[in-house]
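Per this note's numbering, the sequence shown starts with residue 3, numbered consecutively.
If you are wondering where the hints come from, they were derived from the structure by calculation, not from laboratory data. Do not take every clue at face value.
Distance windows between CB atoms, simulated [said to hold, decoys possible]:
1. T549 x A388: 52 to 58 Å
2. A576 x N380: 21 to 27 Å
3. E184 x H141: 28 to 34 Å
4. P383 x S343: 20 to 26 Å
5. A586 x S108: 36 to 42 Å
6. S108 x E533: 36 to 42 Å
7. A576 x R308: 42 to 48 Å
8. A213 x E83: 36 to 42 Å
9. R287 x R77: 25 to 31 Å
10. E171 x K485: 46 to 52 Å
11. H141 x E281: 17 to 23 Å
12. P289 x K162: 35 to 41 Å
13. D554 x P74: 35 to 41 Å
Every residue gets a Cβ at the ideal spot worked out from N, C-alpha and C, and that includes glycine.
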Amino acid sequence: MKIMLLFPPNWTPSMPHLALPTLTAYLRMHGVEVIQRDLNAEVFDEILTRRYMKNAVARLRQDYGPNASRKPPKRAHPPRERILWAINEGPRLAAEVQKAKQVIRSRAFFDGPTSLKAFMTVIQCLEIASLPYFPASLHLQSYISAYPVDNSAAILAGVKDEDHNIFLELYRHGILEDIRREKPDVIGISIPSMPQMLAGMTLGYLIKAEAGIDCHVTIGGPHITMLRDELPKVPALFDLFDSAVVFDGEVPLLQLAEALAGDHDLSHVYNLIYKEGDEIRVNDRKPPEKIRDLPLPDFDGLPLDRYLACELVLPLLTARGCYYGKCAFCNVGYGEPEAFSQLGAEQLATQMIALYEKYGASRIFFADEAVTPRNLRNLSPILEKANTPIQWGGCVRFEKVISSDLLQSMGRGGCTMLLFGLESASEQVIQFMEKGTELEHMSRILHESHAAGIWNHTFFFFGFPGETIEFAQETVNFLYQHKPLIHSAALGTFLMERDSPAHRFPSAYKVKRIIEPEDKDLAIYFDYEVEQGIDAHLADVVMERLTDTLPDKPFPQFYANDVYRFLYACHLKARGETMPPWIAV
């Protein structure tokens with residue numbers, strides 16, 4: 003039995019996602035042959051080449067003419083000035099793109115002017131690569147499809163649209179030929195996020211409908227789990243895959259492989275949704291494996307030298323689920339009872355050291371919802387005593403028990419960046435969203451973490467139901483009062499996400515109505531009306547006005563994603579430099 007696991011674009015191409023290495027380790031532990039391919043890294047690496055960029059410019063010239071005066075029969079066209087820019091500047095950018103990748107993958111990344119030029123080259127090349135497929139757009143952080151990916155009919159059309167789907171050509175000349183050669187029995191496609199939906203479904207279409215390769219195609223990941231009740235209502239989607247695994251996939255994927263190698267009876271495979279004849283069947287669920295019983299993630303076979311980062315950063319989980327799990331805006335657990343489990347500090351430290359020794363990864367990024375105070379307290383002395391060069395970062399809650407002594411110990415034990423869910427600095431809004439944090443500890447921890455030489459990153463958003471303009475201003479005031487202590491931030495607006503408490507119990511959170519249009523049968527985000535406070539439109543206005551007042555960064559590439567921020571913080575810490583404020587003092 004041979005399984006090929008595929009991770010489609012678009013996720014940040016700066017580090018691997020944990021989905022495939024976690025599944026690969028479990029399956030290999032049970033004797034299954036596994037090939038894992040990070041198509042996200044491969045696709046970005048392929049697009050950002052001189053050959054691909056020259057072809058993209060040639061296609062624009064062929065479609066629109068050398069002066070961009072022609073309009074081919076497509077449903078949408080880019081602005082003429084962007085096509086002219088691409089035709090004129092494209093050859094220069096094509097000649098520079100591979101050198102730009104080398105800069106981002108080298109220590110030259112930390113030279114601000116040098117890496118800014120390289121970063122802008124990459125950004126502009128991605129725009130040129132996207133223009134032939136307009137209005138689709140590929141970015142370092144996301145993919146905007148020409149079709150709404152929360153509509154099943156649009157997905158079924160989009161997977162075969164040569165004019166607007168950038169992945170068709172890339173897959174045909176890449177992974178599709180490798181699948182034919184390897185002849186896997188099962189292909190698993192991981193779809194963790196909404197921007198990966200079209201890319202993942204396009205893989206299924208090419209494998210099953212176009213190439214007719216004889217294998218079982220299964221899909222899975224958090225995004226698929228959120229759609230577990232909707233997929234059975236759209237049997238036509240099962241033309242693109244044979245089954246879907248929801249929630250954690252280690253045991254179900256192993257059971258699926260065993261069933262396909264045996265009597266092909268899928269009825270006993272946990273967490274599986276599949277089509278049998280004309281009927282969609284939904285199997286029983288199984289609680290997830292405890293994380294302490296899972297093997298170390300296995301990154302063997304992934305293109306670790308092809309990620310767009312100057313140092314290898316590997317993700318790791320300290321726990322599964324969220325130990326708090328009550329925030330009203332968050333859909334952790336996807337509406338089902340949470341099954342939280344965590345590694346002990348000794349086991350966690352052993353895994354970190356093993357990744358360093360096996361892959362040379364001295365930068366570990368915890369991909370948890372939030373690392374528990376217990377692991378923060380117990381892990382740091384172990385790593386300090388081990389005296390390794392490992393530096394790490396991850397998400398942490400503003401808990402009262404996080405003290406100055408603990409943060410100093412964490413700093414000595416390799417902690418370099420903490421990502422805090424600030425969300426709001428209004429006591430009323432914190433209570434509305436059941437965040438369970440307190441302003442005095444938020445302020446204190448930011449001071450003490452900064453004093454420990456740790457980079458403080460904060461997440462916050464506007465527009466939680468019941469928030470007023472005055473409450474939003476309290477968050478803005480807090481940010482400016484703590485300017486020297488906040489080193490980066492991700493701001494946004496409240497999203498009504500499927501399975502969050504606010505979505506499941508709207509009246510309890512001052513939500514008058516959730517709008518669920520029929521044509522969005524695969525939606526995971528919903529429009530809504532509030533009983534009081536600012537609405538979604540006004541929240542956007544507040545966010546935009548705050549964004550407009552923020553000073554420009556001379557080197558924004560250092561802040562482009564979590565990996566770059568983390569590596570920049572590691573670089574500064576190694577040089578003994580102070581972490582710079584996000585809002586210039």
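Status of each hint after checking the structure:
1. T549 x A388: 52 to 58 Å: 42 Å, violated
2. A576 x N380: 21 to 27 Å: Given a distance of about 25 Å, which is inside 21 to 27 Å, the answer is holds.
3. E184 x H141: 28 to 34 Å: Distance hint for E184, H141 holds at roughly 31 Å.
4. P383 x S343: 20 to 26 Å: Check passed, 23 Å falls within 20 to 26 Å.
5. A586 x S108: 36 to 42 Å: This hint is violated: roughly 28 Å between Cβ atoms.
6. S108 x E533: 36 to 42 Å: 54 Å, violated
7. A576 x R308: 42 to 48 Å: 25 Å, violated
8. A213 x E83: 36 to 42 Å: Once the Cβ atoms are compared, 39 Å apart, the range 36 to 42 Å for E83 and A213 holds.
9. R287 x R77: 25 to 31 Å: Distance hint for R287, R77 is violated at roughly 42 Å.
10. E171 x K485: 46 to 52 Å: 47 Å, holds
11. H141 x E281: 17 to 23 Å: 40 Å Cβ-Cβ, so the 17 to 23 Å window is violated.
12. P289 x K162: 35 to 41 Å: Given range 35 to 41 Å: holds, Cβ gap about 39 Å.
13. D554 x P74: 35 to 41 Å: Since D554 and P74 have Cβ atoms about 38 Å apart, the given range 35 to 41 Å holds.
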